[in-house]
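Enquirer: Which chain is which? The protein sequence lines are A and B, in order. Position 205 (the first sequence) corresponds to 205 in my numbering; numbering is contiguous. Position 111 (the second sequence) corresponds to 111 in my numbering; numbering is contiguous.
Honestly, the hints are just simulated from the structure, not real lab data. Note that the coordinates shown come from a computational prediction; the quantities given were computed from them, not determined experimentally. One or more hints might be untrue.
Which copy is meant is left open, so a pair is good if it fits within one copy or across any two.
List of simulated lysine-lysine pairs, DSSO-like, C-alpha gap at most 30 Å [unchecked claim]:
no.	residue 1	residue 2
1	254	282
2	234	66
3	254	234
4	311	465
5	234	282
6	234	208
7	254	208
Here's the letter readout for the chains.
Number of protein chains: 2
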Amino acid sequence: MNVVLNSGADSATDSINEAQTPQALIDALFLANTTVIRNRVDESCRTFFEASDAIDEMGIEGIRSKFMQCDAPTQGTTAEAYLDMFDNEVLPHCSHLASPRYLGHMTSPLPQFLPEIGRLVQTLNQNVVKIETSRGLAFLERQVIGMLHREIFGADRQFYENHLQARSSALGIFTSGGTLANISALWTAMRRAGTTGTAENSSPHADKPVIIGSALMHYSFDKGAQLLGAELHKVPVNDHCQIDLDALREAIDKYQQAGRKIACLVAIAGTTDYGSIDALDKIGEIGRQINAHVHVDAAWGGGLILSESNKHLLDGIAQADTVTIDGHKQLMLPLGCGMLFFRDPALSQLTMHHAPYAVRATSFDQGRFTLEGSRPATALYLHAALHIIGKNGYDALFSESLARARYMAQAIEARPEFELMTAPVMNILTYRYIPEKYRNQHIDDAGNIEINRFNIALQKWQRQKGDSFVSRTFRAINQYDNQGLTLLRAVLLNPLTTFEDIDFLLNDQLQIAHLLENEMAGAPATH
Amino acid sequence: MNVVLNSGADSATDSINEAQTPQALIDALFLANTTVIRNRVDESCRTFFEASDAIDEMGIEGIRSKFMQCDAPTQGTTAEAYLDMFDNEVLPHCSHLASPRYLGHMTSPLPQFLPEIGRLVQTLNQNVVKIETSRGLAFLERQVIGMLHREIFGADRQFYENHLQARSSALGIFTSGGTLANISALWTAMRRAGTTGTAENSSPHADKPVIIGSALMHYSFDKGAQLLGAELHKVPVNDHCQIDLDALREAIDKYQQAGRKIACLVAIAGTTDYGSIDALDKIGEIGRQINAHVHVDAAWGGGLILSESNKHLLDGIAQADTVTIDGHKQLMLPLGCGMLFFRDPALSQLTMHHAPYAVRATSFDQGRFTLEGSRPATALYLHAALHIIGKNGYDALFSESLARARYMAQAIEARPEFELMTAPVMNILTYRYIPEKYRNQHIDDAGNIEINRFNIALQKWQRQKGDSFVSRTFRAINQYDNQGLTLLRAVLLNPLTTFEDIDFLLNDQLQIAHLLENEMAGAPATH
Chain A
1 MNVVLNSGAD
11 SATDSINEAQ
21 TPQALIDALF
31 LANTTVIRNR
41 VDESCRTFFE
51 ASDAIDEMGI
61 EGIRSKFMQC
71 DAPTQGTTAE
81 AYLDMFDNEV
91 LPHCSHLASP
101 RYLGHMTSPL
111 PQFLPEIGRL
121 VQTLNQNVVK
131 IETSRGLAFL
141 ERQVIGMLHR
151 EIFGADRQFY
161 ENHLQARSSA
171 LGIFTSGGTL
181 ANISALWTAM
191 RRAGTTGTAE
201 NSSPHADKPV
211 IIGSALMHYS
221 FDKGAQLLGA
231 ELHKVPVNDH
241 CQIDLDALRE
251 AIDKYQQAGR
261 KIACLVAIAG
271 TTDYGSIDAL
281 DKIGEIGRQI
291 NAHVHVDAAW
301 GGGLILSESN
311 KHLLDGIAQA
321 DTVTIDGHKQ
331 LMLPLGCGML
341 FFRDPALSQL
351 TMHHAPYAVR
361 ATSFDQGRFT
371 LEGSRPATAL
381 YLHAALHIIG
391 KNGYDALFSE
401 SLARARYMAQ
411 AIEARPEFEL
421 MTAPVMNILT
431 YRYIPEKYRN
441 QHIDDAGNIE
451 INRFNIALQK
461 WQRQKGDSFV
471 SRTFRAINQY
481 DNQGLTLLRA
491 VLLNPLTTFE
501 DIDFLLNDQL
511 QIAHLLENEM
521 AGAPATH
Chain B
1 MNVVLNSGAD
11 SATDSINEAQ
21 TPQALIDALF
31 LANTTVIRNR
41 VDESCRTFFE
51 ASDAIDEMGI
61 EGIRSKFMQC
71 DAPTQGTTAE
81 AYLDMFDNEV
91 LPHCSHLASP
101 RYLGHMTSPL
111 PQFLPEIGRL
121 VQTLNQNVVK
131 IETSRGLAFL
141 ERQVIGMLHR
151 EIFGADRQFY
161 ENHLQARSSA
171 LGIFTSGGTL
181 ANISALWTAM
191 RRAGTTGTAE
201 NSSPHADKPV
211 IIGSALMHYS
221 FDKGAQLLGA
231 ELHKVPVNDH
241 CQIDLDALRE
251 AIDKYQQAGR
261 KIACLVAIAG
271 TTDYGSIDAL
281 DKIGEIGRQI
291 NAHVHVDAAW
301 GGGLILSESN
311 KHLLDGIAQA
321 DTVTIDGHKQ
331 LMLPLGCGML
341 FFRDPALSQL
351 TMHHAPYAVR
361 ATSFDQGRFT
371 LEGSRPATAL
381 YLHAALHIIG
391 KNGYDALFSE
401 SLARARYMAQ
411 AIEARPEFEL
421 MTAPVMNILT
431 YRYIPEKYRN
441 QHIDDAGNIE
451 INRFNIALQK
461 WQRQKGDSFV
471 SRTFRAINQY
481 DNQGLTLLRA
491 VLLNPLTTFE
501 DIDFLLNDQL
511 QIAHLLENEM
521 AGAPATH
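If we strip away everything but chain A, and leave its shape as in the complex, we get (with noise of 0.2 Å):
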């Protein structure tokens, strides 16, 4: 009984359950040998490498106009028949990420092995929100955490045969990505402020305590705060790209003054648009002076702190309370892994919750630590990649990372059609292409709006034409007065991009707005 794996002429219409009984069904789902349905997704995987990233004629409306239909399908079909669908129906409107010219998004292609265990995970479904559902793997999940716990707090031996595995506290938690782990650390910084705050003023705003970071904070901290309830204040960067510090110190009097409570500090290594770092020790110290807790997002800049070489980047990150990172970046895990930390493992007690059906109070079970409730075993994915890899492993591909962000920043200053905006402190840098007229000269507010349209023309022309890519963002520039620029972004963090690929991708640029200005010069630019 093995129909699912049919292969040949008839495959197509012998579906699984199609005049068949139940257990004939179950033995085809649950039983068969999955040879024939592997090497199809295989050949998917291959298909999907050597395809071109260029959108069909169709564009965008085209490709939506693909999925319009919602019946669900009443008789199944085989995985053969699936795979045929996927292969021409949807594998050619995927987004070429794992192309080395496509340096728009902060994911690169996956070490190979991680797929695999990926296969593996899901096999085991394991539920790590409990012992009895995980049971070693719960303790894995813990000894993981506990690695990356050491390497950013480097707290002594004692302290983690205390704690690493602990039945009344964590030293963190896996989340299901950074946005988690950052809204699960403003409420713990929330419950430690109701504990200790003083929320007995008379007008319901004045009431909400105030979570401060600088305007670059991901938009997570947004969500974070409508949710819990709490005022976001950002305060402006300097011209590094990090929080201005005087403005900070300022920002606390001000709501100081006004008798508000700061349930958080809010520092940032990597911020999405610049990767830029922030004073992580000067905020860290503000923080213990004013007694609040310090959340380091370190989601895109977390990784570093495996790598030898590169980690005095993110000096002072041992003094925040928590610490957010985000396996799915620099650690090049699968999307899903986010990891909150817990300097003091006495702060996971904080959200701590449990059930009678569930997590028990007095149990390992890690579930009562995270604010998810059933969870995949994601750690494995960071437990292999750290036992392959190693540390000396991942040293070497930030290393050459940040080589390749160092030699795009020269090939775009080399190049007199571009303006280099920010130089990479990490692997990202931004920068836009200047019309020959307004080149060599001071660029007024109308000239940037003009700027602005056609680097917005620029970037999605090139994103059509599918030979490489670059994202996009929108940003007040302090060396424009403010003034909001269109900035084209890249993100070197694809280990296969050559320094021939980034020359490549920045002549396609120059030739793509060539013809753009010609087409400007004449009529409005279509694409």
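Dock chain B against chain A, hints included.
Expert: Frame of chain A, contents of chain B only:
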């Protein structure tokens, strides 16, 4: 260059980054052939299915002691050496959730095509937060959300033509699990109450909006209420473990008379303890009368909507404003596939967020509607399962599962040693063992306390013995004057479980109980 794949005597020492150039490391991680590691993972999966579930003499403390080291490895190792270590040190300590005699929790083994789809999801590494990083898969996600929306709410063709792929709203979202789906629903309800509410009371407590549901609400509602600053009010249940509608109306009156805003009524379609289903139609009606948001937590029961023969159990669900379904439960998808559905897509706009570098306000970016940020394309699991299993296939699987539950209820009632506490409405039931001296008589409070202790010892002994397994819960029970009772809880989800397995499990318990009674007659139990 494929050092990852080395086999033979030297593989353990020939790690991927020893004495190599960064380029060699990159080649080994990202470009090498993966056949060897794939075969090794196959072996690990096979071992897992064949191994026994017994916990060796060390017990849980012994397993814990094996994960006490927290130095992150400096030097990487081969994937093979890693899997050797995994097989020896981790795999033997996993929970055997896939065993047909492990009837304790709300997961089943996965249909075998799904971990292969998982490999595809991770290799494509699409990030569904944003069109640029997922393209077709973002539209596919909206498509499968629409398929279930239509099964739940059954709106007309025109509705889906307008809303399925609308730019400005969503019919539903994927979340990392049911907890986040429930919290997202409460967030929506609170925003909705905020826009029409009358929060003008003086005392901070009296400002809090109220969420009302039964005492059997999942603990995600406790988390959500704490996060959102709401008061969670729990109403008693009737003898069928459904919310007591008179008590619900009384609670509503009480809050309304006190001038409090009722932000949300929660109905449960499949309680975690019993699988019981609240009167969805009645609660929908009450919600409309008082203009409160109605949320149905169908994390456990929602999958039945695909089953022609069983969906009548969910009658009235279409009156809900929002519905949670957990894919990893009845739909047998991997962990990480929670869903929230909005009857009216305009509700999705109440919690919208965007950011200049991430999800754009006027884009198709799905991340605007989710509490989470970056997310994997888990929609593909549901898409594949709907096509390969089909509604007919799910119908057969559900019917088999409910038949197993009915069989087990009969088998319990046929054994005088057991008391069936709740007959299965769905595929969960609860019961307890009654020691001989308490049978066939009125059991007083002291007796129940004694019986609780006995059932805890029985469940722990069975868990440690490892031949079969049920979970346990602790709840106030109506028919015993609301005394808290420890109940054995069986979840009949695994399609590989046979009637023989059920008999085996019950006989296993009788045998353990016999030993336990003898032991207790002499000395206290040590298991």
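Enquirer: Now tell me, hint by hint, if it's right for this structure.
Expert: To see whether the hints hold, each was checked on the structure:
no.	hint	verdict
1	254 to 282	within (19 Å within a copy, 52 Å between copies)
2	234 to 66	neither (42 Å within a copy, 46 Å between copies)
3	254 to 234	within (13 Å within a copy, 41 Å between copies)
4	311 to 465	neither (38 Å within a copy, 48 Å between copies)
5	234 to 282	within (17 Å within a copy, 46 Å between copies)
6	234 to 208	both (15 Å within a copy, 27 Å between copies)
7	254 to 208	both (15 Å within a copy, 28 Å between copies)
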